[in-house]
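There are 2 protein chains.
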Amino acid sequence: MSSFAIDTMNKSSVADAARRAKAAARRLALLTGEFRNAALLCAALAIEERGAEILAANERDCLDAKRVVGEGRMTPALYQRLRTNEQGIAEMAARVRDVAALPEPLGCQLAATELDDGLTLYKVSCPLGVVGIIFEARPEVIPQVASLALKTGNAVILKGGTEATHTNEALVSVWRDALAHFPDIPADAITLLHTREDVSEMLALDGEIDLIIPRGSREFVRYISEHSRIPVLGHGEGVCHVYIDRAADWQKALAIAMDSKIQYPAACNAAETLLIHEDIAARLLPELIAALRSAGVEVRACPRTAALVPSPELVPASEDDWATEYSDLIVSIKTVGGFEEAVGHIERYGSRHTEAVVTEDAGVAARFMETVDAAGVFHNASTRFADGFRYGLGAELGISTGKLHARGPVGLDGLTTYKYKLVGDGHTVASYSSGERFFKHRKLRDER
Amino acid sequence: MSSFAIDTMNKSSVADAARRAKAAARRLALLTGEFRNAALLCAALAIEERGAEILAANERDCLDAKRVVGEGRMTPALYQRLRTNEQGIAEMAARVRDVAALPEPLGCQLAATELDDGLTLYKVSCPLGVVGIIFEARPEVIPQVASLALKTGNAVILKGGTEATHTNEALVSVWRDALAHFPDIPADAITLLHTREDVSEMLALDGEIDLIIPRGSREFVRYISEHSRIPVLGHGEGVCHVYIDRAADWQKALAIAMDSKIQYPAACNAAETLLIHEDIAARLLPELIAALRSAGVEVRACPRTAALVPSPELVPASEDDWATEYSDLIVSIKTVGGFEEAVGHIERYGSRHTEAVVTEDAGVAARFMETVDAAGVFHNASTRFADGFRYGLGAELGISTGKLHARGPVGLDGLTTYKYKLVGDGHTVASYSSGERFFKHRKLRDER
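If you read the sequences in order, they're chains L and W. When you line the first sequence up against this note's numbering, it's residues 999 to 1446, in that order. When you line the second sequence up against this note's numbering, it's residues 999 to 1446, in that order.
Treat the hints with care, as some may be off.
A pair holds if it fits inside one copy or across any two, identical chains being indistinguishable in the list.
[Stated by the list, open to error] DSS-like cross-link-like pairs, simulated, lysine-lysine; straight-line CA separation at most 27 angstroms:
| # | residue 1 | residue 2 |
| --- | --- | --- |
| 1 | Lys1441 | Lys1121 |
| 2 | Lys1157 | Lys1064 |
| 3 | Lys1121 | Lys1438 |
| 4 | Lys1121 | Lys1250 |
| 5 | Lys1020 | Lys1121 |
| 6 | Lys1157 | Lys1438 |
| 7 | Lys1441 | Lys1250 |
| 8 | Lys1157 | Lys1020 |
| 9 | Lys1441 | Lys1157 |
| 10 | Lys1250 | Lys1438 |
| 11 | Lys1250 | Lys1020 |
| 12 | Lys1157 | Lys1121 |
| 13 | Lys1020 | Lys1438 |
| 14 | Lys1250 | Lys1064 |
| 15 | Lys1064 | Lys1121 |
| 16 | Lys1064 | Lys1438 |
| 17 | Lys1064 | Lys1020 |
Simulated from the structure, these hints should not be mistaken for laboratory data. This one's a predicted model, so the numbers in the text were calculated from it and none came from an experiment.
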């Protein structure tokens, strides 16, 4: 077992690991961007050089998993996600190099104000500190989050799906060994937890851990945020809608509805419900439903929709349907009286993820985009665009449906915060409150 | 009793008020900046015009409070804060006009990227939605937070200290009546809760309320964040330090130490502990302690400090002292072996609020400002500068010691979030994943 593995991780040792991670974070905050990037390139090389070792560990996990699949305790899809190969190794290394090439996220002057002669205030981006990340059994996650964390000067505590235990241990070992060439990077910059009990202990360490990113089901994310005082960045679910207005261009409407539903139905940014303006429903619905059905989509319809397109193959939509993230080739369709009903439906059932309107009416589009409360509000574009790479963020940590800190696809920004640096020359507040001196508040760099 | 007061506020009616606030927020999001500013000016005028009514209500509160003070159940200081007068009314109105004059916080393009021809992504500032604010018995808080909320397009649910019940009701009545002249502003944009039970109910409404700002003791803030899934913006406490390095200029050191402690000791940004480098302690301490004592400050000293300045008037500092926010004319002094011990002490006992270093050594200053994890890290300046008005933010909602969303003195930014607006022309993701089209990701406006 490699040196990084903590054999008997118990209450005190999780707390101890978190304390060591915090001490590591203090040292990471001092590294220059050039240094962090050099370390990332070294880690990328190590992944390639020790690819065979990583694949061997992955093979062990896959053998174990095969038995579980055979016993019906793991789906073949999950098994496929667990398995990696030489191309997977090359991609892991390439993604780490991509992160190294991203613009420097730390030390950015977000704002600067000369408060008075010789007294200047800087608002500067800086690392969060220690970030806990809990993720599914996918081999590529460790190099991905470890590189984002190092790029942003944060220490990470990781817990991956148990099915990938050997792969994860091999990857963390490769990562730590590569960074051991850099004496200024403490080994505790990355820590791997092993059990669910470790995670429970971690949730209590709000003095050491600054952010938790849980990846997984909505229930899992909710469980984490209910059992910890540590801030949580995550998304509960993606119940996304496409509202086809009466002023919609039909070709765009059909293309966007189809793409939003079928391009990758398991994604959180896939649409679950189509809302159709009643003025065009009778003419649009037959063509739309035929297209969906020929793509293998099961259609669940509200009574008005069913009345307009009578078909034994339409399933009546229940109340539950409107609140369900199918993550599958199923769609619910509702015919609405107009804008207000559409927006009201989205407010009631939407998950604040991504909402699209299809219309040629600029006024309707503007009103939709102002009124609808979601991380993404799209006009004449597929909901599937809601993604960090498509947005050009360079890397994606996840998608947040919360409104604070980071919203929507989260890139490096999600792992940084800022601090105010005030540089003076012996300045005291008394001299301002006495009227002896006055603030100038000259903006040197404005935030917006 | 005016129309806004909710006489029998119970479980269902708090939830109902929150739902109405949420509906109001949807309408507020559509108002232009000019409109919101006009409404603010109208509210400022109404405060002046109905000043006598507000003062009469305040007089009732003060009469009630006097009895309580007489019975020893309220301190004279709290009574003084509760009381207002004609000048107080004029100041309330002036502060509302100040908020109207601030730069527009909504609809700011924070970033823009052309993803492809005809497909542009905008990151735009927008309101949070519904904000719950719980505050102490001070008359000026209602116009202050109501104006910040309206400026940022948010609906607010307020609960003030019960001692100011009549004043608060009068102020909310004046505010609502003034805004009733603007039919586009829903009355539910501002709601006043009346009891602690109302607050408990509010904490459960995470589907309606986007942020809670509790103002009050550390215990109170902690209670709120432990009893709600709604994000909380607040500061627990302010245990701030001044570290006087061996390379400090003595005049600056004395001025900054004194100002940080005595300029307004009840403030959260006042210093509680002075850390003195051992190389200068023997020479600096006698003068420093004499200055503090002549200003009426009680000095609690670590053993090394006490040994250097033997005096029967020095109180020995206990372990508790290092973790205590005195909010009073008391200071603890510790002689430290150097930078590492100073930073270690701050990491252990500091509250991540504001930390200052006094030194002429630029390297020490830079290392202090990078390493110390606090909302404000100051070089050769008093900790008392940590304040929204002194920072030039124009308005201060409070000071956050959390690292997410908003940190340090929080201005209008704390009440806004952003959304991604994607404007396309029928664009689908399938055409990019098929290789038919490629992303351009041309930055039109970069965030940093």
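Here's how the hints hold up against the structure:
1. In this assembly of identical chains, the alpha carbons of Lys1441 and Lys1121 lie at most 27 angstroms apart whether taken from the same copy (12 angstroms) or from different copies (23 angstroms).
2. In this assembly of identical chains, Lys1157 and Lys1064 lie within 27 angstroms of each other by CA distance solely inside one copy; the values are 22 angstroms within and 58 angstroms between copies.
3. Only within a single protomer do Lys1121 and Lys1438 lie at most 27 angstroms apart by alpha-carbon distance; the minimum there is 17 angstroms, versus 31 angstroms between protomers.
4. In this assembly of identical chains, Lys1121 and Lys1250 lie within 27 angstroms of each other by CA distance solely across copies; the values are 24 angstroms between and 44 angstroms within a copy.
5. For a Cα distance limit of 27 angstroms, the shortest separation of Lys1020 from Lys1121 inside one copy, 23 angstroms, qualifies, whereas the shortest one across copies, 33 angstroms, does not.
6. Within a single copy, Lys1157 and Lys1438 get their C-alpha atoms no closer than 50 angstroms, and across copies no closer than 36 angstroms, so neither meets the 27 angstroms cut-off.
7. Proximity of Lys1441 to Lys1250 under the C-alpha cut-off of 27 angstroms is restricted to the inter-copy arrangement: shortest distance 26 angstroms between copies versus 46 angstroms within a copy.
8. For the identical chains of this complex, Lys1157 and Lys1020 are intra-copy neighbours only, at 17 angstroms inside a copy versus 38 angstroms across copies, given an alpha-carbon limit of 27 angstroms.
9. When the C-alpha separation of Lys1441 and Lys1157 is checked against a cutoff of 27 angstroms, the pair qualifies neither within a copy, at 44 angstroms, nor between copies, at 35 angstroms.
10. When the C-alpha separation of Lys1250 and Lys1438 is checked against a cutoff of 27 angstroms, the pair qualifies only between copies, where the shortest distance is 21 angstroms, while the shortest distance within a copy is 54 angstroms.
11. For the identical chains of this complex, Lys1250 and Lys1020 are neighbours neither inside a copy (51 angstroms) nor across copies (32 angstroms), given an alpha-carbon limit of 27 angstroms.
12. In this homomeric assembly, Lys1157 and Lys1121 never come within 27 angstroms of each other (Cα to Cα): the closest approach is 33 angstroms inside a single copy and 32 angstroms across copies.
13. For a Cα distance limit of 27 angstroms, the shortest separation of Lys1020 from Lys1438 qualifies neither inside one copy, at 38 angstroms, nor across copies, at 39 angstroms.
14. Within a single copy, Lys1250 and Lys1064 get their C-alpha atoms no closer than 44 angstroms, and across copies no closer than 70 angstroms, so neither meets the 27 angstroms cut-off.
15. Taking the shortest Cα distances, Lys1064 and Lys1121 never come within 27 angstroms of each other, neither inside one copy (52 angstroms) nor across copies (45 angstroms).
16. Taking the shortest alpha-carbon separations for Lys1064 and Lys1438, neither the intra-copy value of 69 angstroms nor the inter-copy value of 42 angstroms comes in at or below 27 angstroms.
17. Taking identical chains as interchangeable, the C-alpha atoms of Lys1064 and Lys1020 are never at most 27 angstroms apart, the minima being 38 angstroms within one chain and 50 angstroms between chains.
Hint compliance for this structure: hints 6, 9, 11, 12, 13, 14, 15, 16 and 17 are not met, and every other hint is.
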